[in-house]
Amino acid sequence: MTTAYSPSSDLVLDEAPRRLGRAQRAGIALLVVIALFALFGPWLVGIDPARQQLERFLEAPSLAHPLGFDQLGRSMLARLAHGARLSLSLAAISVLSAAIPGTLLGLLAAWRGGWLERVLAAFADAVLALPGLLLVLLLTAFTPGGFWPLYVGISLALWVEYFRVVRAASRILLASPHVEAARLLGFGPVHIVRRHLLPELLPRLFTLMRFGFAGAVLAMSALGFVGVGLQPPTPELGVMMIELLPYYGEAPWLIGAPVLLLFLTLLGLLLLAPEREAA
Amino acid sequence: MMTNPALAVEDLAVLHGEQALVRDISFEIPAGGVFTLLGESGSGKSLLAQAIMGNLPSTLRCEGRVAIGGEKTPAGDQSSRHRGWGRRLALLPQEPWLALDPTMMVRAQVAETYAVVANEPRSRARMLADRALASLGLSDAAHKYPFMLSGGMAQRVAFLATHAAGAPLMIIDEPTKGLDADRRGEVLELLRSAQAQGMSLLCITHDIWLARALGGRLAVMLEGAMIEQGEAAEVLAAPRHDYTRRLLAADPGSWPAWPAPAVAPDAHPIVQVDQVGKSYGRQALFSGIDAHIKAGEIVAVSGPSGSGKTTFGNIVLGLARPDSGSVQRAAGLALTAFQKIQQDPGAAFAPRIRLRQSLLDLVKLHRLDWGVLDALLARMRLAPALLDRLPHQVSGGELQRIALARVLLMKPALIFADEPTSRLDPVTQQDVFALLQEHLRDARCALLLVTHDADIVDRVAGRRIDLGR
Amino acid sequence: MTTISSRAPAWRGIATALAQRLLQAVLVALLVGTLCFFMTRMLPGDMAYRIAAGRYGYDMVTSAAAEAVRLELGLDRPWLAALGDWWQRLLQLDLGVSQVTAEPVMVEIERQLWPTLRLSVLAMFLSLLVGPLLGVLAGLKPGGLLDRVTLAVSVVLRALPSFLLGLVLVLVFSVKLGILPAAGHDDHGSIVLPALTLALGMAAVSCRVARDAMVQVRGSAYFAFALTKGLSMRQALLRHGLRNVAAPVIAYLGVQLVYLVEGVVLVETIFAWPGIGHALVHAIFGRDVPMIQGTALVLGLMFVLFNALVDTACAFIDPRRGAGHAA
Chain Z
1 MTTAYSPSSD LVLDEAPRRL GRAQRAGIAL LVVIALFALF GPWLVGIDPA RQQLERFLEA
61 PSLAHPLGFD QLGRSMLARL AHGARLSLSL AAISVLSAAI PGTLLGLLAA WRGGWLERVL
121 AAFADAVLAL PGLLLVLLLT AFTPGGFWPL YVGISLALWV EYFRVVRAAS RILLASPHVE
181 AARLLGFGPV HIVRRHLLPE LLPRLFTLMR FGFAGAVLAM SALGFVGVGL QPPTPELGVM
241 MIELLPYYGE APWLIGAPVL LLFLTLLGLL LLAPEREAA
Chain F
1 MMTNPALAVE DLAVLHGEQA LVRDISFEIP AGGVFTLLGE SGSGKSLLAQ AIMGNLPSTL
61 RCEGRVAIGG EKTPAGDQSS RHRGWGRRLA LLPQEPWLAL DPTMMVRAQV AETYAVVANE
121 PRSRARMLAD RALASLGLSD AAHKYPFMLS GGMAQRVAFL ATHAAGAPLM IIDEPTKGLD
181 ADRRGEVLEL LRSAQAQGMS LLCITHDIWL ARALGGRLAV MLEGAMIEQG EAAEVLAAPR
241 HDYTRRLLAA DPGSWPAWPA PAVAPDAHPI VQVDQVGKSY GRQALFSGID AHIKAGEIVA
301 VSGPSGSGKT TFGNIVLGLA RPDSGSVQRA AGLALTAFQK IQQDPGAAFA PRIRLRQSLL
361 DLVKLHRLDW GVLDALLARM RLAPALLDRL PHQVSGGELQ RIALARVLLM KPALIFADEP
421 TSRLDPVTQQ DVFALLQEHL RDARCALLLV THDADIVDRV AGRRIDLGR
Chain W
1 MTTISSRAPA WRGIATALAQ RLLQAVLVAL LVGTLCFFMT RMLPGDMAYR IAAGRYGYDM
61 VTSAAAEAVR LELGLDRPWL AALGDWWQRL LQLDLGVSQV TAEPVMVEIE RQLWPTLRLS
121 VLAMFLSLLV GPLLGVLAGL KPGGLLDRVT LAVSVVLRAL PSFLLGLVLV LVFSVKLGIL
181 PAAGHDDHGS IVLPALTLAL GMAAVSCRVA RDAMVQVRGS AYFAFALTKG LSMRQALLRH
241 GLRNVAAPVI AYLGVQLVYL VEGVVLVETI FAWPGIGHAL VHAIFGRDVP MIQGTALVLG
301 LMFVLFNALV DTACAFIDPR RGAGHAA
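Protein chains in written order, with this note's numbering: chain Z, 1 to 279; chain F, 1 to 469; chain W, 1 to 327.
Certain hints may be false.
[Said to hold, decoys possible] Covered stretches of chain W, going by a simulated chain Z footprint (3 or more residues, C-beta under 8 Å):
(1) 28-41
(2) 109-119
(3) 264-274
(4) 290-303
Because the hints were derived from the structure by calculation, they are not lab data. Note that CB positions come from ideal geometry on N, CA and C, so glycine has one too.
Construct the complete structure from the given sequences, taking the supplied hints into account.
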């Protein structure tokens, strides 16, 4: 008998290698540029964002100072760079503070179940009862203008999402046939998490991080804009926007800069989405 | 006087660019007659049905001639056949429970055809729908939603919905797929009653039992061509082509019975199941089941669907706890001595890890010899290149053999096979069971088998455990 | 077989969902109440003094008056007992008096509730009018012109969250063109910009949800079956397509409610729309804890109520949800 290998699998279509679409590459490019600006901008620009030179009130952009000066004679470019760094670093810290504990606790809750899961789930439900921004607002009421309520509020609101998603997905995965097979074959928890859970969870976690990052940047600027977040003279994007609004007629580029920066950051994060995602 | 045949197909071919996926198809169905297309997946029978319907995707093109009820059209003119959908030509699709709108009540879905396609006034359409449902014993289902129906009931509802406008020709796509073997009789009855009403049927199936029972004319398809055609009884009794012979031999009804394993009468059982019971909420699945399985024995677990056969197997494996009774393994057995083969082989592997990596992990964990695995894979005629793929890139039959190799690597004392071949083609199914038999014999491994195919139980199992009350 | 009414699962599903929402409402009240309680304890400055000053005016307040307030509000008692008192007052709907205006919180809220409701309902209505309609049309021809245009516009709009979009609209319409009034609430025109801001943001998302749902329905087995039964494309779309597209769109409304409630707060503040959101932000400015509690509570409960309505609508459209099956 000839060892004829079954030919059927040759009919299986060759899968196109997963390449990044045009939109995704644009998104990555945008984010890299903005991240570089936030990271190295303040150092490259070299000007103190708080230094006021009142005689340079609303000075128009020039080659030496591409964004000119604001209403208190401060270098707009310097303020923008510092503002970008502030927003992005706070967002990054919040997301990490939320993602790591949220994922670990979600895994733990799904795996062990019992009273631990119930307590965590109840706590998550309590936090979720309110829309995130409302929760952050309430927390900022404790020390208006402070940094800590913002950080704690945003991290808390984000943490719940990770916990919920990881717990729900892990529960389903732990009951799936391939995990069952792995258990029968003698594999332990570490292997199951590494090969069976994480590969499935990572895409979802990545999506959450995108949204979380966008949400954090947004919450900071929104609260800064309405006046209950960080306060002037802190160079924060939202604070800058509300400060420069009255000068829109005379110097539209001043308010345009933070608006554009925020818009491009959010756009970059949105474009990172794989094609199939809805929202 | 000669009446036009219900369907006449001449030189039909389906092409993708220059490559012919289906070619040289010519056959006729007389008015009121039955024609069966018998073949495995990939044989092109579904493509052929789609071409006749006029439902091919735009990337494919069609050549030849199709005549429905005497009216000839070039096969490539799909839109002319579109116009006949429901009134001249009907289709009962595969897995009909998916074909019903989940948000619409059953009666409304049947009445809709009467009202919209047959142009009956609304009240009369509803009455006709009620009458049709009653004729198939579905009066109770009239106000239910599709997700509340069983597979067979959904099939009958879909039949009524597509038949309501009175098309004289119906194409039926894999009617027994996904249904338990004990339901096959109902399907046959449905088709016979359709024929009794004067309909002509074109039935596509891989189920030899159904082909035999339907009678009429039969054609066997392989790789896009009809390799044999004739009266069903003749072809099935005396096949001329090699492949047809193999196909018929693959039917469990033609398998030779497995020899009973040599079991010493006083040998200690490898697992002892005493008075085991399990309930799901308030409903008791089974109770008071005893089973003492000895090394090398082959035991079939039977019972009506939903009776908890999978749960019972999981209890024996130690994956689930019984609500009453006890399960005791023989002393000295490794933790991994009991293994399982699943119905859906793709579900048993981590979906995003390459097969080679999964197997390497296993070999490393238990410090096994990769060479043993290599030998197993070769005996199962699996190309080593397959392992570099992801689970979903490999066909069902091959994946099930890899799963079997993986299980055998653990040198199990008991394998629980839960419907291991119900998703596979007949020839592949025969293959898997042959391999299973070979290895079980060599390793003196016991087998606990769940299958809905009574023929397989008959040929393979030494004894049965019946969970039904 | 007994004929079980097929409507029964739907009612059971609705009852469970409503019970969950009731629990959520209780959680909201507890959360908001507890946070505000601790606010009174932790805000800088002597709370009692400030409340008394709020009542009698800064010139007239004496330490005796402050002491009286302290006793009255139980600020001298151990915090656990005081917390209990706080909750009790909350349950009795005794929301206290605003520290800034000295009006009862209830009265203030009643005045502000109506404008907020008008704004939210109008925004929701506008978004449902535009979003799903464009989405369904785009989904009928995936990859076509409308699909690509709506995708591009949707991405841009989603990168402009509510406050940013509101700001841009103000800049464009009010400042540059001088057409629409930016702030104030007296003439009818002034609801247009805030409602438009919220509606555009929500429509951007509901458009894509509807589009994806339409594509999925078009490719579904039951849609194909409707066509092979003999229905025309138009009949199949109207009879099977729309209802099945509506199910995920309405379900997604629940997610959009978060955007709506958060957006209401921001948009009202930007456009000085005299609603609850605006009042909340002002209360935070003014450290007016009773108002903070009142407005946050109302917003939170509004969120729960809208969610409950969406749940009910879902259960009616998709019977599988009502029966507790996964849709």
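Here is what the structure says about each hint:
no.: 1; hint: 28-41; result: holds (count 8)
no.: 2; hint: 109-119; result: violated (count 0)
no.: 3; hint: 264-274; result: holds (count 4)
no.: 4; hint: 290-303; result: holds (count 5)
In terms of the numbered hints stated before, the structure departs from hint 2 and from no other.
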